[in-house]
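Residue numbers (our numbering), protein chains in the order written: chain A, 2 to 483; chain B, 2 to 483.
Bear in mind the hints are in silico, worked out from the structure with no lab data behind them.
From a predicted model like this one, the values you see are computed outputs, not experimental measurements.
Be aware that one or more of the hints could be misleading.
Note that the list lumps identical chains together, so a pair holds whenever it fits in one copy or between two copies.
What the hints assert, rightly or not - DSBU-like mimics (lysine-lysine), calculated; alpha carbons at most 35 Å apart, straight line:
no., residue 1, residue 2
1, Lys372, Lys118
2, Lys288, Lys397
3, Lys258, Lys473
4, Lys51, Lys216
5, Lys182, Lys397
There are 2 protein chains.
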Amino acid sequence: MRFLLQCKEVDILSKEISHILDTVLERVRPTLDEREKVRMIIEKITRVAKEVSSEFGIHFEARVLGSIAKDTWISGDKDIDFFILFPKKIPVQELKEQGLMIAKKIAEKMHGTYKEKYAEHPYIEAHISGYTIDIVPAYLIKYGERPITATDRTTLHTIYINNKLSSEQKDQVRILKQFMKGIEVYGAEIKVGGFSGYLCELLIAFYGSFLDVLKASRFWRPWRTVIDIEEYYDTRDYRRILKKFASPLVVIDPVDKNRNVAAAVSIKSFSIFKFASKRFLAFPSLKFFFPPEERPLSRAEYLSKIAKRGTCILGLRLQITPISPDILWGQIFRTLKSLKKFLERRGFRVISEGAWSDEESEVIFLVEVDKEKLIPLEKHMGPPVGSEEEDNFIRKYLENTRVLSGPVIENRRWYVYRLRERVEVEEIIRSHINEISFGKDLSKHISSLTFGKNEEVFDFSLKNSYRKYLRKWLDKKYSWMT
Amino acid sequence: MRFLLQCKEVDILSKEISHILDTVLERVRPTLDEREKVRMIIEKITRVAKEVSSEFGIHFEARVLGSIAKDTWISGDKDIDFFILFPKKIPVQELKEQGLMIAKKIAEKMHGTYKEKYAEHPYIEAHISGYTIDIVPAYLIKYGERPITATDRTTLHTIYINNKLSSEQKDQVRILKQFMKGIEVYGAEIKVGGFSGYLCELLIAFYGSFLDVLKASRFWRPWRTVIDIEEYYDTRDYRRILKKFASPLVVIDPVDKNRNVAAAVSIKSFSIFKFASKRFLAFPSLKFFFPPEERPLSRAEYLSKIAKRGTCILGLRLQITPISPDILWGQIFRTLKSLKKFLERRGFRVISEGAWSDEESEVIFLVEVDKEKLIPLEKHMGPPVGSEEEDNFIRKYLENTRVLSGPVIENRRWYVYRLRERVEVEEIIRSHINEISFGKDLSKHISSLTFGKNEEVFDFSLKNSYRKYLRKWLDKKYSWMT
Chain A
2 MRFLLQCKEV
12 DILSKEISHI
22 LDTVLERVRP
32 TLDEREKVRM
42 IIEKITRVAK
52 EVSSEFGIHF
62 EARVLGSIAK
72 DTWISGDKDI
82 DFFILFPKKI
92 PVQELKEQGL
102 MIAKKIAEKM
112 HGTYKEKYAE
122 HPYIEAHISG
132 YTIDIVPAYL
142 IKYGERPITA
152 TDRTTLHTIY
162 INNKLSSEQK
172 DQVRILKQFM
182 KGIEVYGAEI
192 KVGGFSGYLC
202 ELLIAFYGSF
212 LDVLKASRFW
222 RPWRTVIDIE
232 EYYDTRDYRR
242 ILKKFASPLV
252 VIDPVDKNRN
262 VAAAVSIKSF
272 SIFKFASKRF
282 LAFPSLKFFF
292 PPEERPLSRA
302 EYLSKIAKRG
312 TCILGLRLQI
322 TPISPDILWG
332 QIFRTLKSLK
342 KFLERRGFRV
352 ISEGAWSDEE
362 SEVIFLVEVD
372 KEKLIPLEKH
382 MGPPVGSEEE
392 DNFIRKYLEN
402 TRVLSGPVIE
412 NRRWYVYRLR
422 ERVEVEEIIR
432 SHINEISFGK
442 DLSKHISSLT
452 FGKNEEVFDF
462 SLKNSYRKYL
472 RKWLDKKYSW
482 MT
Chain B
2 MRFLLQCKEV
12 DILSKEISHI
22 LDTVLERVRP
32 TLDEREKVRM
42 IIEKITRVAK
52 EVSSEFGIHF
62 EARVLGSIAK
72 DTWISGDKDI
82 DFFILFPKKI
92 PVQELKEQGL
102 MIAKKIAEKM
112 HGTYKEKYAE
122 HPYIEAHISG
132 YTIDIVPAYL
142 IKYGERPITA
152 TDRTTLHTIY
162 INNKLSSEQK
172 DQVRILKQFM
182 KGIEVYGAEI
192 KVGGFSGYLC
202 ELLIAFYGSF
212 LDVLKASRFW
222 RPWRTVIDIE
232 EYYDTRDYRR
242 ILKKFASPLV
252 VIDPVDKNRN
262 VAAAVSIKSF
272 SIFKFASKRF
282 LAFPSLKFFF
292 PPEERPLSRA
302 EYLSKIAKRG
312 TCILGLRLQI
322 TPISPDILWG
332 QIFRTLKSLK
342 KFLERRGFRV
352 ISEGAWSDEE
362 SEVIFLVEVD
372 KEKLIPLEKH
382 MGPPVGSEEE
392 DNFIRKYLEN
402 TRVLSGPVIE
412 NRRWYVYRLR
422 ERVEVEEIIR
432 SHINEISFGK
442 DLSKHISSLT
452 FGKNEEVFDF
462 SLKNSYRKYL
472 RKWLDKKYSW
482 MT
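Excised from the complex, chain A in its bound form (with noise of 0.2 Å):
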């Protein structure tokens, strides 16, 4: 029983978990050599941008926000955020064009490769010497003025940031990036669904260390949890709040207080941080933070593990193109949730569904169902008697070969136990794919299809990072909890 501590233990144990925590830091802490070249590229990004703004005659503002610039950064990490700020004055569409072409102008003079994004608004991701240098047009506003665009906080985050942290609480937020990063629900990208950087410097701000965050998080309870560090609302009102924000964890933006800074984290996220915050501190191990590297499946492996569980293991396969990897699970959500309902109204039982992407050219979809085949027997529910559809239903069942039982009343319904014109679920699938609502960016792609069961699935991608998923979603362990 370690939950229950006695005095000694507490010690060792905090001596165990100060050694990690040591550790962890060591490794999270971005080194001098780091720290220079980050701010040679910036130095030189700056430079250009000050010629590009001097050659258009446009007059703007070069600054690096987000994480650089408020030293929450981990080690190894090569993302900038670069902004560049035009006055208040400037109606939004001119922003938007003029930043992006002053963006790209950057970037081409920086000799890098770059691509359009679009985030809430379009910027330029570039890629420059090792590092991804999100270059983002928005408005240069003061602490305590509002945001006109969504880009427009980054720069208020960053001046909060700064005046709420300690240099020691910038690594207690390193280390609980790093513990997100480790039980994998740091990001706020759909297909994470989890914690933001800016949520994890939130934390620190209001509980004050990594050991509070995890020490707190006990008491969180789902659809139930306010933080609201700045106290713009009334503790009495946090029933309306947790209504109008609908989120299994709420945390009010300091800098705008109608916006909920968790919004993304899903219940799934919020659980595992909950529960892994609790096993940590049982049983400290530096794997929270640095799991072991998942080994990819192979196919022995495969084969054996599908072979004591006796389900069917259904696999569908799309090529598609290059989209935003947002709108790409977000579509492969809805694909999954929709395959899910077709495949149970179909009369099968699924047990497990998931899917795979290298957001490239691939998308896998796995379902695990209760079997390949339905039985032969279906019982079909008619309209209820008296209704009008009543004698259609009978006319068409009475004389029919493919009933077996019925037509028969059962309550207040017609019922026929009739033979299934298909049994097998990938025929089942194919003459009824208009009813698996794909999203839109897969739906063109729809004509890709490929099938799969059981051992077929295995060799659907050759790539290692489908064959460690394909073990994971098996196995569905987690790597510091054994």
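Position chain B relative to chain A; hints supplied.
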């Protein structure tokens, strides 16, 4: 489209129907010979009752009530309701004791066999010269007086119907009763859950004739229909009445406005009657009244039927000792419901269920499920994340060889995917038999329980009635519909 009748067709149809009804009436109207026999037996029992009265010095009035007294009995019926009626001043306890004693005496003096029975209070069922005579003690009450015991109502019903119905209408009652028998919804017993004789009489009293009842039933909507012949209630109160009685059909008893004469009518019987009425009017046939006798199912037929279905037919057989059919069928239906729920909870899909009993020595439960064996893998739900049971769940499953996937968090709960202990349906039932609630009287015989699957089920009883039931249960066809 026979439902949209042309004028000429109506004429033809009417002729056809009236010919059928004439034929039916000929067969259901008691013959002079029958009437004479009944008259003689009533004369004799009345004489015997008088003797007993003077022998014991107890004053009561003896009277035939029920369908014979109302002249609504059907040719071939051999049931006589003989009431011994006591003055109201006698206490209930005394009436029951003396009544039963006198009833026994009468039965003995008639040299018949008899047994004690119990409905709302005890009575004697005597078998004399081929007739079943219920000798029932009750209070002698005048029309308009409140009944003291439930059986006292019978006097009032007899008076009411005799005042209300012409002799032509009594023939219409006979036709309606035979229709109800033919479509198997006649009788308020639990096994049938149908229309009692008195209810048939009231329907004729309200609508006028057999065909009018059939036509009217088209407008009956379940849980929405109130028939209140004596207009005890305001139509604006019908919603309240429907709520109070909560039955598919409400027919207010003209002699007791707090009683629903149709209380026994199940939604199934209600729906069958509604549909059969419509069907008869469109496709009139003698089959509705006198359906062809069902042939017992042969082994070859049985095997060919079940082979097509691909399901698993499961039989559970109990040996019983005789109990009252209403108690027996009450327990049978409850057991079936419980068995169905149990199997579904355990992972089987129940396609159909039913039961047969000779009401003497055996009960056979039949269940059709989608498979004989579950797949080895079972998705098992654990406690919510953060709950008190969480630690136990994880301790139990973390290093468990039966676990194939997990423990894993899905939404806010823990799950494991584990190997089942048992997969075979018979084994599962046997090892969890206590989770199935057989009624009190069936439970007594639980040690006699035998299981069978598919072809074995055919030999569960050698009785023709069982083999007929088996055909009906598998075919689920209405003989009047073909």
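Verification of the hints:
Taking the shortest alpha-carbon separations for Lys372 and Lys118, neither the intra-copy value of 43 Å nor the inter-copy value of 53 Å comes in at or below 35 Å. For a Cα distance limit of 35 Å, the shortest separation of Lys288 from Lys397 across copies, 22 Å, qualifies, whereas the shortest one inside one copy, 64 Å, does not. Proximity of Lys258 and Lys473 under a CA criterion of 35 Å is satisfied in neither setting, with 39 Å inside one chain copy and 69 Å between copies. Taking identical chains as interchangeable, the C-alpha atoms of Lys51 and Lys216 are never at most 35 Å apart, the minima being 47 Å within one chain and 92 Å between chains.
Within a single copy, Lys182 and Lys397 get their C-alpha atoms only as close as 59 Å, which misses the 35 Å cut-off; across copies the closest is 27 Å, which meets it.
Of the numbered hints given earlier, the model fails hints 1, 3, 4; all others are met.
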